[in-house]
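*Asks:* Could you put the whole structure together from the sequences, leaning on the hints where they help?
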Amino acid sequence: MTGTDDGTKAGTRGPARASGPRVPAPWVRTRLRAAPAAALALALLVALTAALAAAFPRAVDRYEDAGLRRTLDDASPRRTTVQFFAPRPDLELSLGEGENALREAALRKGYDAVLAAVDKPLVADRAQSSYGVRTSDPTDASDSFLARPSGLPPRVALVAQNALGAHSRPASGRLPRATDPVTATTSEVEAAVTTETARTLHIKVGSVIHVPGLERAPLAVRITGIVAPREPDGAYWMSTPLIREPSLIQLPSDGGTYWIGALLLAPDAGPVLLGTPGKPERYWQVAPDTSGPTAHDVSGLASAVAALESGPGLARIRERVDPLTDATTDLDEVLSSFTELRSGITPLVAVAAFGAGTVAAVVILMASGLAAERRRGELALVRARGGSLPGVLGRLLAETAVVAVPAGALGLGAALLAVPHARFSSAVAAALAVTVLACVALPVRAAFAHRAVRVHGGREDIASVRPSRRRTVAELTVLVLATAAVAALRRGGTDDAGSSGGSGDQLVALAPVLVGVIAALVLVRLYPFPLRRLAGPAGRLRGVVAPLSLARAGRTSASTALPLLALLTALTTAAFGGSVLAGVHTARDHAALLATGADARIEATQALPTALPGRIRDTRGVREAVPVSVAYRAQARRGSGTAGETAALVGVEPGPYGQLSRELDLGGFPARTLRPTGPGGGSSGSGSGKAVVPAIASPSLAARFGTAPFSVQLEDDSKVTVRIAAVRDVTPAVTDLDFLVVDREALTRRAARPTALLLTGGHLDGAALRRAAGGGVDVRLRAEVRTAYVHSPLQSGAERIYTAAVAAGAGYAVLALLLALVRAAPERSALLARLRTMGLTRAQGRRLLVLESLPQALLAAVGGALTGWAAIRLLAPGLDLTAIAVAGRPAPGGTARLRTDALSLLVPSLAVLVVATGVALAQAWWTGRRGSVRELRAGDGR
12 MTGTDDGTKA
22 GTRGPARASG
32 PRVPAPWVRT
42 RLRAAPAAAL
52 ALALLVALTA
62 ALAAAFPRAV
72 DRYEDAGLRR
82 TLDDASPRRT
92 TVQFFAPRPD
102 LELSLGEGEN
112 ALREAALRKG
122 YDAVLAAVDK
132 PLVADRAQSS
142 YGVRTSDPTD
152 ASDSFLARPS
162 GLPPRVALVA
172 QNALGAHSRP
182 ASGRLPRATD
192 PVTATTSEVE
202 AAVTTETART
212 LHIKVGSVIH
222 VPGLERAPLA
232 VRITGIVAPR
242 EPDGAYWMST
252 PLIREPSLIQ
262 LPSDGGTYWI
272 GALLLAPDAG
282 PVLLGTPGKP
292 ERYWQVAPDT
302 SGPTAHDVSG
312 LASAVAALES
322 GPGLARIRER
332 VDPLTDATTD
342 LDEVLSSFTE
352 LRSGITPLVA
362 VAAFGAGTVA
372 AVVILMASGL
382 AAERRRGELA
392 LVRARGGSLP
402 GVLGRLLAET
412 AVVAVPAGAL
422 GLGAALLAVP
432 HARFSSAVAA
442 ALAVTVLACV
452 ALPVRAAFAH
462 RAVRVHGGRE
472 DIASVRPSRR
482 RTVAELTVLV
492 LATAAVAALR
502 RGGTDDAGSS
512 GGSGDQLVAL
522 APVLVGVIAA
532 LVLVRLYPFP
542 LRRLAGPAGR
552 LRGVVAPLSL
562 ARAGRTSAST
572 ALPLLALLTA
582 LTTAAFGGSV
592 LAGVHTARDH
602 AALLATGADA
612 RIEATQALPT
622 ALPGRIRDTR
632 GVREAVPVSV
642 AYRAQARRGS
652 GTAGETAALV
662 GVEPGPYGQL
672 SRELDLGGFP
682 ARTLRPTGPG
692 GGSSGSGSGK
702 AVVPAIASPS
712 LAARFGTAPF
722 SVQLEDDSKV
732 TVRIAAVRDV
742 TPAVTDLDFL
752 VVDREALTRR
762 AARPTALLLT
772 GGHLDGAALR
782 RAAGGGVDVR
792 LRAEVRTAYV
802 HSPLQSGAER
812 IYTAAVAAGA
822 GYAVLALLLA
832 LVRAAPERSA
842 LLARLRTMGL
852 TRAQGRRLLV
862 LESLPQALLA
872 AVGGALTGWA
882 AIRLLAPGLD
892 LTAIAVAGRP
902 APGGTARLRT
912 DALSLLVPSL
922 AVLVVATGVA
932 LAQAWWTGRR
942 GSVRELRAGD
952 GR
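By the numbering used here, the letter at position 585 of the sequence shown is numbered 596, and the numbering carries on one by one without gaps.
Worth flagging that the hints you see were computed from the coordinates, not collected in a lab.
C-beta: ideal position from N, C-alpha, C; glycine also.
Please note that a few of the clues may not be correct.
[Stated by the list, open to error] Taking lysine-lysine pairs in the DSSO-like style, the calculated list, with each CA pair at most 30 Å apart, reads:
{"#": "1", "residue 1": "Lys131", "residue 2": "Lys120"}
{"#": "2", "residue 1": "Lys290", "residue 2": "Lys215"}
{"#": "3", "residue 1": "Lys131", "residue 2": "Lys290"}
[Stated by the list, open to error] What follows is a set of in silico ranges between Cβ atoms, one per label pair, in the way DEER data are often shown:
{"#": "4", "residue 1": "Phe540", "residue 2": "Gly773", "range": "52 to 62 Å"}
{"#": "5", "residue 1": "Gly929", "residue 2": "Arg811", "range": "23 to 33 Å"}
{"#": "6", "residue 1": "Phe540", "residue 2": "Glu838", "range": "15 to 25 Å"}
{"#": "7", "residue 1": "Thr616", "residue 2": "Leu163", "range": "24 to 34 Å"}
{"#": "8", "residue 1": "Arg644", "residue 2": "Gly785", "range": "21 to 31 Å"}
{"#": "9", "residue 1": "Glu344", "residue 2": "Gly785", "range": "33 to 43 Å"}
{"#": "10", "residue 1": "Lys131", "residue 2": "Asp151", "range": "42 to 52 Å"}
*Replies:* Given below as structure tokens:
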């Protein structure tokens with residue numbers, strides 16, 4: 012019988028059939044309609060991961076940019092301004108040509124040439140840049156009305172700088188003018204001074220200051236106005252601070268002092284400087300625009316500065332301005348300090364980023380594995396009915412891309428809105444990587460599972476699936492990479508890695524992750540064996556729950572590697588990150604403690620008032636105030652003819668000071684250590700040096716003087732003979748100095764008067780302490796010193812990023828645990844249903860699920876804690892936390908090293924056990940509510 016493809020007879024037309032070829036239903040639309048919940052879950056996962064991945068580099072850019080701006084702002088304009096200067100015009104020029112070279116028009120032409128030589132990304136702040144002519148050697152001003160602190164006449168510099176009126180406002184009088192052309196022989200010029208200069212040097216409007224002349228009569232400078240700077244901290248005034256406020260100079264010979272100030276001439280009055288002995292020079296000051304550069308531009312900024320200091324830029328300036336032009340700036344050092352700080356912080360942040368990224372990638376792979384397992388039968392049937400592998404993979408890629416691509420774009424948009432004002436390319440690359448992984452994970456997984464046509468697959472538990480040679484080679488490769496990373500980090504540390512750049516940095520940052528990977532691969536292979544060993548003894552117990560749970564846990568699916576890898580990586584990263592953060596906080600606390608010596612410190616250069624200790628003890632929050640006397644420039648020597656060694660001699664009350672040292676763990680000692688014993692000991696209290704006084708010394712002094720008595724001369728010329736009775740590395744009263752601690756009773760009354768108070772107590776009030784202490788003393792609180800160590804946004808930003816990365820990794824680890832339990836949920840539900848038909852109670856079912864889940868969760872928890880501990884122990888010698896802890900600021904205590912933090916090891920592991928147990932109980936409760944009939948339906952493919 013002849014028929015058509017649709018089964019109807021030839022020549023007949025069914026009433027419900029449409030003419031023409033049949034159009035098949037679109038695959039993608041059909042699949043999305045068949046499983047909308049799975050598509051929505053995938054979209055949420057991709058959108059969240061893409062948002063986090065795109066936000067990470069932008070957040071790093073933001074805090075690095077803020078750190079660069081803070082570094083530039085903290086540096087004074089005198090350091091960041093690029094200053095060019097040239098000597099007076101060539102003596103071979105005529106006097107008129109030399110005068111014209113010092114006029115504003117010529118200086119402006121040179122200023123334009125200087126700005127033209129500035130290469131991007133360095134941009135000049137034209138509003139704060141300046142140029143002019145000045146005397147490089149200030150000359151004496153002998154007028155009697157000027158201030159003379161020690162009888163010496165002040166010295167003044169003549170400065171003719173552009174745009175004086177735009178950067179100041181007259182406080183009195185008017186701005187100077189140059190109505191007639193000023194020459195080298197002009198007898199009188201007008202000038203202005205700042206309010207600080209006028210107040211200090213006793214200058215008023217109308218004052219006439221006489222400056223010595225060069226082969227001519229003295230130059231009369233008439234003060235026509237006193238001006239107040241509009242932006243006193245701006246580069247216009249602070250590039251040369253002398254023009255804003257005078258400076259007091261002390262002579263090294265006899266200690267005499269004199270003032271140096273600046274007289275601000277009219278911008279076109281520069282030629283008059285040729286008639287003075289002050290060695291006039293032209294200058295051009297380029298203030299950088301600190302609001303524009305980003306951390307990404309630092310290398311370009313350094314190159315541009317180098318070109319201006321001694322490179323092509325300076326050559327162009329010399330060609331167009333003056334062959335003798337020279338340049339100077341500290342901007343390169345400022346940029347170098349930022350680069351060093353960033354290079355110390357970046358590797359630590361990279362560790363957290365790689366850890367969280369690895370866990371997120373594993374979760375996406377697990378989600379694709381769950382989808383592949385759910386559709387195993389469908390895809391096997393398609394392959395059995397003639398579907399080609401490329402065709403099936405193309406359809407899977409299309410249906411995944413329809414969901415993942417819009418979700419990735421949505422996540423990217425959310426990241427751009429949440430973290431604005433940062434680079435766009437890195438965020439796009441990160442979101443694109445997440446989207447591509449989500450698109451190809453399912454097709455690749457299906458390609459490996461269905462490369463051969465088969466309808467029924469064998470068992471895939473660990474008992475039946477043996478590791479292949481490819482898997483063994485892959486595991487050995489990862490082992491070699493992890494070993495190389497750990498060895499590189501231990502040998503070179505993060506500082507070397509951060510400065511070298513390249514793939515070595517990434518390998519070092521991946522070291523904790525690779526340690527977790529190796530542990531996961533090893534544990535997956537080993538953990539079934541002890542469970543099977545326990546299954547035998549458990550079988551002799553009463554009941555079926557224990558032996559059945561152990562038997563099932565020992566024959567778990569071979570796909571356990573991915574969830575275990577996610578958990579171990581997350582736990583290792585969390586332990587590592589928590590220990591890093593704890594180490595940073597500990598390093599700051601310790602540095603602040605060493606800097607203050609107690610919870611607070613009150614110190615003066617002279618002896619403290621007698622009533623001060625009592626007032627301080629009565630201040631709220633103060634528990635104890637320990638007085639000490641510190642002579643920082645004491646000279647220790649053995650014999651009168653030997654050279655002395657400078658040391659700090661600390662006079663203390665042995666009891667309270669020893670107790671303070673023990674409480675703070677800063678070189679504690681019993682009070683009897685400083686008590687004189689034996690026939691040679693005693694306390695004279697006269698400072699004669701005849702009695703031998705026991706002392707506690709720093710290691711270097713102990714190594715030099717040993718235990719024999721030696722003499723110490725104090726700053727008041729009194730002497731004391733000491734004998735080293737004990738050696739301590741640190742002591743609360745002194746930081747980073749060699750010290751000798753003695754009993755105050757052995758010193759003279761003058762030397763024994765306290766110069767410092769060491770305070771202990773909780774919640775000390777700095778304002779109240781300063782009010783009680785009064786003026787003339789320095790009050791430092793340990794909490795304030797600690798806060799000062801968190802100065803750069805690089806530190807605070809890196810800590811926030813690190814915390815967020817660890818939290819994200821923990822969240823993805825919980826999600827991986829949930830995905831693993833969801834994947835096993837249908838099979839467990841069917842098992843419980845079958846066992847209930849055999850008489851298993853609901854309580855036994857709950858215990859069965861909990862005991863079955865517990866070995867894997869316990870394995871992950873214990874393995875994660877041990878792996879985190881091992882990673883910290885292995886990598887700690889190569890990690891330096893000093894940069895992120897104190898940001899390169901002066902801090903005692905040496906290098907901050909990574910140490911194991913118990914809470915960071917135990918809390919995440921316990922959380923894994925709690926989550927696994929809770930999910931198992933919830934699953935048992937939900938299965939009990941559904942009943943057994945639905946789980947045992949005929950034909951249900953479980």
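*Asks:* Please go over all the hints and tell whether each is borne out by the structure.
*Replies:* Evaluated hints:
no. : hint                         : verdict
1   : Lys131 to Lys120             : holds (21 Å)
2   : Lys290 to Lys215             : holds (27 Å)
3   : Lys131 to Lys290             : violated (34 Å)
4   : Phe540 to Gly773: 52 to 62 Å : holds (54 Å)
5   : Gly929 to Arg811: 23 to 33 Å : holds (30 Å)
6   : Phe540 to Glu838: 15 to 25 Å : holds (23 Å)
7   : Thr616 to Leu163: 24 to 34 Å : holds (26 Å)
8   : Arg644 to Gly785: 21 to 31 Å : holds (26 Å)
9   : Glu344 to Gly785: 33 to 43 Å : holds (39 Å)
10  : Lys131 to Asp151: 42 to 52 Å : holds (46 Å)
This entry does not satisfy hint 3, going by the numbered hints stated previously; all others are met.
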